[in-house]
Amino acid sequence: MKTLTLKVNDVDVTQVVEPRETLADFLRERLRLTATHLGCEHGACGACTVTIDGVATRSCLRLAVMCEGQSVTTLEGMESDATMDVLRRHFHTGHALQCGFCTPGMLMMARDILLRIPTPDPATVRQQLSGQICRCTGYANIVAAIVAAGREIGGRRAAGA
Amino acid sequence: MKPAPFDYVKPKSVAEVSAALGAEGANAAAIAGGQSLLPMLSLRVALPDLLVDIGGLDELKQVSATADTIYIGALTTHAAIEDGRLPDDCNGLMRMVASKISYRAVRNHGTIGGSVALADPAADWPGCLMALGAQVRVSGRATVRRQPVADFVQGQYSTTLAADEIILGFDVPRPDPGTRWGFSKVVRKSGAFANSIAFAVAQGRGGPVSVVLAAAAPRPCALPTVAERIGTGKDSEDDLRSAIVADIAAHAPQDDPYLVRLHISTVLRALREMQGR
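If you're matching them up, the sequences are chains Y and F in order. No gaps in the numbering here: position 112 of the first sequence is 130 in our numbering, and each next residue is one more. No gaps in the numbering here: position 121 of the second sequence is 105 in our numbering, and each next residue is one more.
Keep in mind that the hints were calculated from the coordinates and are not lab data. There could be a bad hint or two in this list.
[To be verified] Covered by chain F, according to a simulated footprint, are these stretches of chain Y (three or more residues, beta-carbon under 8 Å):
#, region
1, 38 to 46
2, 80 to 93
3, 160 to 169
[As the list claims (entries may be wrong)] Taking lysine-lysine and the DSBU-like style, the derived pairs with C-alpha atoms no more than 35 Å apart in a straight line are:
#, chain 1, residue 1, chain 2, residue 2
4, F, Lys45, Y, Lys20
5, F, Lys(-4), F, Lys84
6, Y, Lys25, F, Lys218
7, F, Lys(-4), F, Lys45
8, F, Lys84, Y, Lys25
9, F, Lys(-14), F, Lys45
10, F, Lys84, F, Lys173
11, F, Lys(-4), Y, Lys20
12, F, Lys84, F, Lys45
13, Y, Lys25, F, Lys(-6)
14, F, Lys84, F, Lys(-6)
15, Y, Lys20, F, Lys(-6)
16, F, Lys(-14), F, Lys84
17, F, Lys218, F, Lys45
18, F, Lys(-4), Y, Lys25
19, F, Lys218, Y, Lys20
20, F, Lys(-14), Y, Lys20
[Unchecked claim] Simulated DEER-style distance windows between Cβ atoms:
#, chain 1, residue 1, chain 2, residue 2, range
21, Y, Arg107, F, Pro208, 53 to 63 Å
22, Y, Ala162, F, Arg28, 37 to 47 Å
23, Y, Asp28, F, Ala(-12), 30 to 40 Å
For each residue, glycine too, the CB sits at the ideal point set by N, CA and C.
The task is simple: from the sequences and hints, build the whole structure.
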């Protein structure tokens, strides 16, 4: 067992963990932060996407012990995030989810896309989102919601707001 | 939680890493970004007793350039290369290759050193670094050595790394300003393992050409007959096709006629892209 200290959603956390625990298991099982969903547990589906020090990460592909001293943000930590606020609204109004299983990962990755590529076109969103699997929606509404969120944020930026 | 139990250490120096990896009777594995190793641990195809995390070694994160050489530390991530953080990315070739590896969240942690050390036949960096004539710097308990990447990668998941050794970084010859390149990769779904990858690099104008095919054999293979034909006047599409067929038969024989056609296509596309630059 190893003692692990890190920041999760801006709160300092110290826990004793097994080295084999993934960050995803640590977040869900020890901290009960269950917005982070686990689909495949080997990096194929993207449902468990979080950020580590601001960088999009598959939490199933990171051991918790590797995150010593780092700052992890899950969807629960995005309540007052400006980009996520716009995305959440467009996912809601644009019906960009059905069962909701993939949605936390979709939102985390969508935010990462908009921070790197401010007003992406649909083809770019599809390319950038290709690591996130959704089995219900056929992706059309998810892509449209992200494009619309990008346009809204881009429009605000152009207006100097 | 899917991985079997193991112990974990995160040394602060290369010497400590080598001591841990090379200890008598150690069943240890080095972990850098972990983007390939974590799935292997979760699927229990890798069963180490000890993981040695090399992520804390700042000297492996350096990138630098001299007039002749670009040095890329082993812990440089695919995303860093994709974002143009190398002092020179071989006229854009390395940036393009990086941007096509897996997915952004994986590229944020996956490293160039990890990719070459694992030596997956479908990986991008071993073939790319071979085409660029790069050397790998390797450190063990006693020595630091250099070796061409072409000799370092021996086969599927097989390199010349000894138990106590890790990759420090890569020395990539700085390309002449006129260097042209082509890169073609076929994947069933973006981010999936590649079915065929071809690299073509022409050093300067009229300089030597190197053509490398990856994901076709246990290790990336150079296609020397194809490379020799470029710029000789015997490089029509038909000439190149027959040279590719001969090189594949000699260096990466295929059982499946579809795969032969696939590899011919990626090599031709890479050559056309190079010639069009």
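Evaluation of the provided hints:
Three residues within the 8 Å Cβ limit are the bar, and the region 38 to 46 of chain Y against chain F gives 4, so the coverage statement holds. For the region 80 to 93 of chain Y, the proposed coverage by chain F is satisfied: 5 residues have a C-beta within less than 8 Å of a C-beta in that chain, meeting the threshold of three. Chain F is given as covering the region 160 to 169 of chain Y, and this is violated because 0 residues of the stretch bring a CB closer than 8 Å to a CB of that chain, at least three being needed. This hinted pair checks out: Lys45 (chain F) and Lys20 (chain Y) have alpha carbons roughly 26 Å apart, not beyond 35 Å.
With a C-alpha separation of about 32 Å, the suggested pairing of Lys(-4) (chain F) with Lys84 (chain F) holds against the 35 Å cut-off. Only pairs whose Cα atoms come within 35 Å are accepted, and Lys25 (chain Y) paired with Lys218 (chain F) is rejected, the gap being roughly 63 Å. For the hint pairing Lys(-4) (chain F) with Lys45 (chain F), the CA-to-CA distance comes to about 13 Å; that is within 35 Å, so the pair holds. A threshold of 35 Å between alpha carbons decides the hint, and for Lys84 (chain F) with Lys25 (chain Y) the separation of about 32 Å falls inside it, so the pair holds.
Using a Cα cut-off of 35 Å, the hinted pair Lys(-14) (chain F) and Lys45 (chain F) holds, with the two alpha carbons roughly 30 Å apart. With a CA separation close to 11 Å, the supplied pair Lys84 (chain F) and Lys173 (chain F) stays within the 35 Å bound. For the suggested pair Lys(-4) (chain F) and Lys20 (chain Y), the alpha carbons sit about 17 Å apart, so the restraint of at most 35 Å is met. Only pairs whose Cα atoms come within 35 Å are accepted, and Lys84 (chain F) paired with Lys45 (chain F) is accepted, the gap being roughly 22 Å.
Of the supplied pair hints, the one linking Lys25 (chain Y) and Lys(-6) (chain F) holds, its CA atoms being roughly 19 Å apart against a limit of 35 Å. Taking the CA atoms of Lys84 (chain F) and Lys(-6) (chain F), the gap is about 30 Å. The hint holds against a cut of 35 Å. Simply put, Lys20 (chain Y) and Lys(-6) (chain F) have alpha-carbon atoms about 11 Å apart, close enough for the 35 Å limit, and the pair holds. At most 35 Å may separate the alpha-carbon atoms for a hinted pair to count; Lys(-14) (chain F) and Lys84 (chain F) meet this at roughly 28 Å.
Proximity of Lys218 (chain F) to Lys45 (chain F) is assessed by CA-CA distance (about 44 Å); at most 35 Å being required, the pair is judged violated. With a CA separation close to 22 Å, the supplied pair Lys(-4) (chain F) and Lys25 (chain Y) stays within the 35 Å bound. For the suggested pair Lys218 (chain F) and Lys20 (chain Y), the alpha carbons sit about 64 Å apart, so the restraint of at most 35 Å is broken. Note on Lys(-14) (chain F) and Lys20 (chain Y): the hinted pairing holds, with a Cα-Cα distance of about 18 Å set against a maximum of 35 Å.
In this structure the hint that Arg107 (chain Y) and Pro208 (chain F) lie 53 to 63 Å apart at CB holds, the actual value being about 58 Å. The hint said 37 to 47 Å for the Cβ distance between Ala162 (chain Y) and Arg28 (chain F), and at roughly 40 Å that hint holds. Distance hint check for Asp28 (chain Y) and Ala(-12) (chain F): the Cβ-Cβ separation is about 34 Å, which falls inside the suggested range of 30 to 40 Å.
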